[in-house]
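In the order they appear, the protein sequences are chains C and G.
In this text, residue positions in the first sequence follow this note's numbering: the first is 138, and each later residue adds one.
In this text, residue positions in the second sequence follow this note's numbering: the first is 1421, and each later residue adds one.
Hints listed in this document are in silico derivations from the structure and should not be mistaken for laboratory results.
No experiment lies behind these values; they were computed from the predicted model shown.
Hints should not be assumed to be uniformly reliable.
Among the chain G residues that face chain C by a calculated CB cut under 10 Å, a handful are [as the list claims (entries may be wrong)]:
#: 1; residue: Gly1576
#: 2; residue: Asn1632
#: 3; residue: Val1639
#: 4; residue: His1674
#: 5; residue: Arg1688
The beta-carbon is built from N, C-alpha and C at its ideal position, and this holds for glycine as well.
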Amino acid sequence: MSSPNGGAALLSVRGLHTQVRNQRRTTTVVDRATFDIGRREVLALIGESGSGKTMTALSILRLVSPPISIAGGEVWYQGQNLVRLPEDAMRSLRGRQIAMIFQNPRDRFDPLQTIGDQLVEVLLHHRVARGRREAEDRAVDLLAEVQLLDGGRVMHLYPNEVSGGMLQRAMIALAIAPAPDLLIADEPTSALDVTIQSEILDLLKDLEAARSMSILFITHDISVARQVADTVAVMYAGQLVEYGAAAEVFANPRHPYTQALLASVPSPDAEILHPIPGQPPALSNPPPGCRFAPRCPSAAQHGRALEPPPVVTVDRVSVRCWLYDPGGA
Amino acid sequence: MSADALVSAHDLVKKFPARGGRSGEAVVAVANVNLELVRGETLGLVGESGSGKSTVGRLLLRLLRPDAGTITFDGHSLERLGTRAMRGLRPRMQIIFQNPYSALNPRMTAEEIVGFNLRPLGLAAREHRERVLAAIRLVGLGRDFLGRYPHQLSGGQAQRVGIARALVSSPDFIVADEIVSALDVSVQAEILALLMDLRARLRLTTLFISHNLSVVRYVSDRAAVMYKGRIVETAPTRLLYRSPKHPYTRLLIHSVPGAQADTDVVGRERDREELARELKEYPADSPLVEIEAGHWVQSPNGSHANPQVSP
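Okay, chain G solo, but in the shape it has when bound:
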């Protein structure tokens, strides 16, 4: 484990009761996930729906409790922390959601929404107001937005309010869960630019969860690919996109629309079938091995390979 890690997770497991199944049956949403975020870095977490991305994000914030494994936040073991101590840490770890309209209370003004996250700090009224206004300004909105309700905001403005709410308590760690997926493309670019500007200015450590590889590539220093509850590959972003190793990563990159524009339909279909076949034969539960500096991939040799602890 790196000395500079702000957040690290070791062998995280999370199971959910299977819907429609007999009692006792469980779906393993997250299986033995190890990850680490160094202070100031953005780790992109990509994968298809149901791969466990959001569950990992919620586990790291202790919005969910793991069934096994440990999570450390700035030296605190989250799974051992009492409610009270946890409440003391909450201002330092925040989340931004996908759909700002469903994540913002429709009966609260922007000022109330952003201020809600400050209430545990019990500030004097004047300081409270000032910090809310500062957060609203930080996301590029003005004083005139304070009194507006979510339905009076455009998608981009509403997402800015969601970001202001996350930032008002001056967090160190942000989980950004599909924060541009519900937005129109022209607004996406604006929110991504804002996020990148803020994380540099505020030295935020960010877990950026997205199903969109192009977006992850654009914002992340490192990326981790999840497939069926496991991280199957992780590397510095450029390296991962340049030389993906795991068949699922290769399939994902292959599937980015427009990425295979030079190949005809028949060629694309053949490549995809080949990758799908490789993926099927790939050992699902083998440990990650480091194949070059910072580039970890699930071992193709199955679980009897030399177990190494991943980053």
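Chain C with its partners taken away, still in its complex shape:
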């Protein structure tokens, strides 16, 4: 197995299926997602709110709990299927081998402890350092690595005493402390000002290279994905609709949804924006066939919108669309 960029896969997701179940009905929020994250690769998972991006990430880490559950599929990492791994093994893997950072770091830090104490706790918990003294030294090194150069001072500050950008850097330091293979970053820059956003994006790219780390980067912002991604996966209504090398997908989007999404975003060179008509379907009651069909300009062209479209691979890009069906249209 390999990523669309040709590299070996670090993590392989196969047919991942996540549901929300209540008394009345079962809603599929991640519908048989299949993709790989290559080594030293940034995979951007793009989609609008409610498309299933975060649910995919939480399912990989098995951080879902009732009424949400993983109903099927496999997540392969180092020869183990994480979906079936015993909970204690999973617990020691979370944070240590697969770490996660979030949109708002202020919600993730304990406001009553200094940033230093929280870093030290993580380093001791993951046994990256022996003893408080060594942990403090390592913490200052980590802060320097995320370009908080006066780490000695930052160590003694409380989360409310630093800016959002500094706190996001501190959260990244916390996440990379145990040297994970994979960092899941869920909208890590969406709450930040553009100048800080650009710094954090480049920091993540630096860390990817310096630490040979892979990153699953979740974002609704295509311009952000364009800046960081090696590979992209586009989600729509719980399904992956397009998946391939970033350069290829951005230069030559194949799925009508990807095309529409790119045309709807103001970019430095966009003259006219084209809104996508309509709204995403309710996941509790998706259209029977192609989920994008009600909004798709090409649905009439192939006339098979009521049947679930096949996933077709064209030039190493997978597309879930009838337009590319070799047997039809």
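Chain C is already provided as a structure; the job is to place chain G on it using the hints.
Below, chain G without anything else, positioned relative to chain C:
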């Protein structure tokens, strides 16, 4: 001051008491801001969070009172106007907010929300109903939306109701405060297209506040960049994006994701550090000078430069 100005502000200052500071300490949110909106134009106001953008918007509408400076709306000096006279002007100046769900009363239907802004006019029931329906139609919704509550609307529909509420009283001047920032990208485009269509049809004068440079570039005739409470540069939008002068403007444009796709990470980091250093050394309180037609930038020579009144 241009004869055609609908709104103009001169040397606006607004201070807020510092949170957690000793009493008497103040944060200067807006420092000596001068700006002017010509009838029918859209002025984009960009800057980072905390730069004072929203405060300027609220000052222009007299939702906040300035500590110093003057604001003129269609010949009226807002700071001197009594409450009653101000109330008479309110229908002509309206605001649209960032998050439609928090800006719309969850216990009111769309009809009540939009109609609320008409109540001061004391219209007859029938005319009131007709104008609400006309406003709902204006934003591309139909009669069937009148009875819906905000939670029954999608983000885009809710923002349309917010726009209908602002437009129902036939205003001349609209402050659009981050109106697409809480929306998904595909919905953003739809709301931006609607705003641009409406302002052309209704000849609206718009202050478009946003942290998103690409969005501002897309909708604005002119743009003004705020940094730490001051306008540091203003120019016709195309000119500002083509030849930004102030280091903060250049840093902002440099930071637009994807804008530096041809430069590698190391190059981008080096450029950014260089701009940050320039910004640090740039005089923070120097006056704006006009360097080419309509393009004003804070003077790099400090406050002893020839003071000129900005547009």
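Checked hints:
Hint status for G:Gly1576 relative to chain C: holds, with the closest Cβ pair at about 7 Å, below 10 Å. At its closest, the beta carbon of G:Asn1632 sits 8 Å from a beta carbon of chain C; the interface hint therefore holds under the 10 Å criterion. Because the smallest distance between the Cβ of G:Val1639 and any Cβ of chain C comes to about 9 Å, under 10 Å, the interface hint for this residue holds. Because the beta carbon of G:His1674 sits about 7 Å from the nearest beta carbon in chain C, less than 10 Å, this interface hint is met.
With its C-beta approaching chain C no nearer than about 6 Å, G:Arg1688 sits inside the 10 Å limit, and its interface hint holds.
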